Amino acid sequence: MNRQQLAAWAFIAPALAVIALFFVVPVVAALLLSLTDFDLYALADLRNLRFAGLDNYVHVLSMPLFWRAFGNTSYFVVIGVPLSIAVSLACAVLLQSKLARFKPFVRTALFAPVVTTLVAVALIWRYLFHVRYGWVNHLLSQVGILPIDWLGDPDWSMPTIILFAVWKNFGGNMIIFIAALQAIPEDLYEAARLDAAGPWAQFRHITLPSIAPTLLLVSILTIAGYFQLFAEPYVMTRGGPLQSTVSLLYLMYEEGFRWWNLGVASAVAFVLFIVIVVVTRVLLFATRAEGRS
Amino acid sequence: MKGNRLSWFGVNGALLAAAALAVAPLVWMVSVSLMAAGESSTYPPPLLPDAPSLDHYRALLERGGIARQFLNSLGLAVAVTIISTTLNTMAGYAFAKLHFRGRERLFSTMLAALVIPGQVAMLPLFLMLKGMGLVNTYAGAMVPGLAGIFGIFLVRQYARTIPNELIEAARMDGAGEFRTFFSIVLPVLKPVLVTLAVFSFLGSWNDFMWPLIVLNDGDLYTLPVALASLSREHVQDTELMMAGAVVTVLPVLLLFLALQRYYMQGLLMGSVKQ
Numbered sequence: 006m007n008r009q010q011l012a013a014w015a016f017i018a019p020a021l022a023v024i025a026l027f028f029v030v031p032v033v034a035a036l037l038l039s040l041t042d043f044d045l046y047a048l049a050d051l052r053n054l055r056f057a058g059l060d061n062y063v064h065v066l067s068m069p070l071f072w073r074a075f076g077n078t079s080y081f082v083v084i085g086v087p088l089s090i091a092v093s094l095a096c097a098v099l100l101q102s103k104l105a106r107f108k109p110f111v112r113t114a115l116f117a118p119v120v121t122t123l124v125a126v127a128l129i130w131r132y133l134f135h136v137r138y139g140w141v142n143h144l145l146s147q148v149g150i151l152p153i154d155w156l157g158d159p160d161w162s163m164p165t166i167i168l169f170a171v172w173k174n175f176g177g178n179m180i181i182f183i184a185a186l187q188a189i190p191e192d193l194y195e196a197a198r199l200d201a202a203g204p205w206a207q208f209r210h211i212t213l214p215s216i217a218p219t220l221l222l223v224s225i226l227t228i229a230g231y232f233q234l235f236a237e238p239y240v241m242t243r244g245g246p247l248q249s250t251v252s253l254l255y256l257m258y259e260e261g262f263r264w265w266n267l268g269v270a271s272a273v274a275f276v277l278f279i280v281i282v283v284v285t286r287v288l289l290f291a292t293r294a295e296g297r298s
Numbered sequence: 100m101k102g103n104r105l106s107w108f109g110v111n112g113a114l115l116a117a118a119a120l121a122v123a124p125l126v127w128m129v130s131v132s133l134m135a136a137g138e139s140s141t142y143p144p145p146l147l148p149d150a151p152s153l154d155h156y157r158a159l160l161e162r163g164g165i166a167r168q169f170l171n172s173l174g175l176a177v178a179v180t181i182i183s184t185t186l187n188t189m190a191g192y193a194f195a196k197l198h199f200r201g202r203e204r205l206f207s208t209m210l211a212a213l214v215i216p217g218q219v220a221m222l223p224l225f226l227m228l229k230g231m232g233l234v235n236t237y238a239g240a241m242v243p244g245l246a247g248i249f250g251i252f253l254v255r256q257y258a259r260t261i262p263n264e265l266i267e268a269a270r271m272d273g274a275g276e277f278r279t280f281f282s283i284v285l286p287v288l289k290p291v292l293v294t295l296a297v298f299s300f301l302g303s304w305n306d307f308m309w310p311l312i313v314l315n316d317g318d319l320y321t322l323p324v325a326l327a328s329l330s331r332e333h334v335q336d337t338e339l340m341m342a343g344a345v346v347t348v349l350p351v352l353l354l355f356l357a358l359q360r361y362y363m364q365g366l367l368m369g370s371v372k373q
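So the sequences go chain by chain: C and A. Residue numbering for the first sequence follows the working numbering, beginning at 6 and increasing consecutively. Residue numbering for the second sequence follows the working numbering, beginning at 100 and increasing consecutively.
Source of the hints: derived by calculation from the structure; they are not laboratory data. The model shown is predicted, which means the values in this text are computed figures rather than measured ones. Don't take every hint at face value.
Stated by the list, open to error - Computed beta-carbon distance windows for the label pairs: (1) C/Leu88 <-> A/Gly275: 46 to 56 angstroms; (2) C/Asp200 <-> A/Leu147: 35 to 45 angstroms; (3) A/Thr141 <-> C/Leu59: 40 to 50 angstroms; (4) A/Arg157 <-> C/Leu144: 28 to 38 angstroms.
By construction, the Cβ of each residue, glycine as well, lies at the ideal position given by its N, Cα and C atoms.
Work the whole structure out from these sequences, hints included.
Structure (structure tokens):
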């Protein structure tokens, strides 16, 4: 090994050691853990630990609460991700318009929620959507809509959390879309205008195809992120009402750190991981197939 | 030109409305935090405090020990930022500019590992730290943030743009790899260092799930964990909670406003793979 190789390893070793010790090893351990019956008794004395094969996975897949959590999380992803991306893209397109004024100011304002602390702003939303004293119901009452128990009604709790997530997150993807929009050559739009294409036609036939790769990347990252829903239900609803906001990670947290069923909780974590991989892969293949046809 | 004026109002009106919606909850949080106890729980909900007071901030200091939790958050975030920026920068530079066997394969393996959600590692990590006696300690809370694949990736992307001649020239002058790194490379990497530092500071400050799991002593709580536990105990004290939210959100918001150029830069670099 020459000196440069030696130096290279010296540069990489500290970061690699941290990642190996605190990420790679635990991930592998999680897989093993999910194959054992690790619980409170094993926590007290490791001799109580038994190899359980796929029992935890069978158990998890037969739990009604798991399917509830799976359904809730899917609901959050299926409605939340497209809504988030649509808002991000709409704001990015508006900000890129030649007519837009005060761009830096507006961009900063739109982005501000992204950097805020989730727990803190979730509390704000809890009060804005309060059934009696919240501003949302107050404003709705001005147009004659009766009060809605946003976080207390199982039909409304998840939509409220979705609205919150969109508000909190759309700014991040907006910035990425702005960069993609700036890369589209202006002459494409000029040619379209010569053909008398309206704003909608320009968006559909120039903007959308040009940013398609960015759109795909953003979708994949957002889907992966939204599947990891946890702090919102933890702070806003504690998974309720009637388990309508229990997410997969919330279930993992409860199983693992409240009931100390670490084997079962690890199985939940791996199922979530597999779901994320499968969904993002399917999206990737579907778009590739679309691109070829 | 009439249609043009209409679309001017359309575009700017929509943007203004969106900006107002984005910021309004934050403004409202500050307003409520200055209200008298119970004032926000009246109908119709008041917009501004009748007689603004800092009572709730005082109460948080006296009863909740928020000064301690603020320092916990700050200390952890600063320590994580310094350590992770150092480790990620060194590794990112080596992946970009130093040749060693297996470099590309190692790097693409790491990139592939980015899809694994961090929460998968949390349960065994907790058991490991328990074995090491690090549960309920500052060190335990810092552990997952000490180095990161994403940070290494950011530095590598940026370091690849450094001209090889610059590094070669330093080597020709007889500088060792470490001297070259500190005196030639680091100054050039300054913008990405700031980006990385802002990312890891915000990441550590805003993190919730891991500190919630690993810390169980109120004296060690970070602000988000303290705030969540406060909100479970004092459900009715809206004003008190909003004061806590202000203390939690304001520092990161100010940091972002001061360094937003670097933050946005990092966001863009992270979204363009290769």
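Evaluation of the provided hints:
no., hint, in the structure
1, C/Leu88 <-> A/Gly275: 46 to 56 angstroms, "holds (54 angstroms)"
2, C/Asp200 <-> A/Leu147: 35 to 45 angstroms, "violated (53 angstroms)"
3, A/Thr141 <-> C/Leu59: 40 to 50 angstroms, "violated (56 angstroms)"
4, A/Arg157 <-> C/Leu144: 28 to 38 angstroms, "holds (32 angstroms)"
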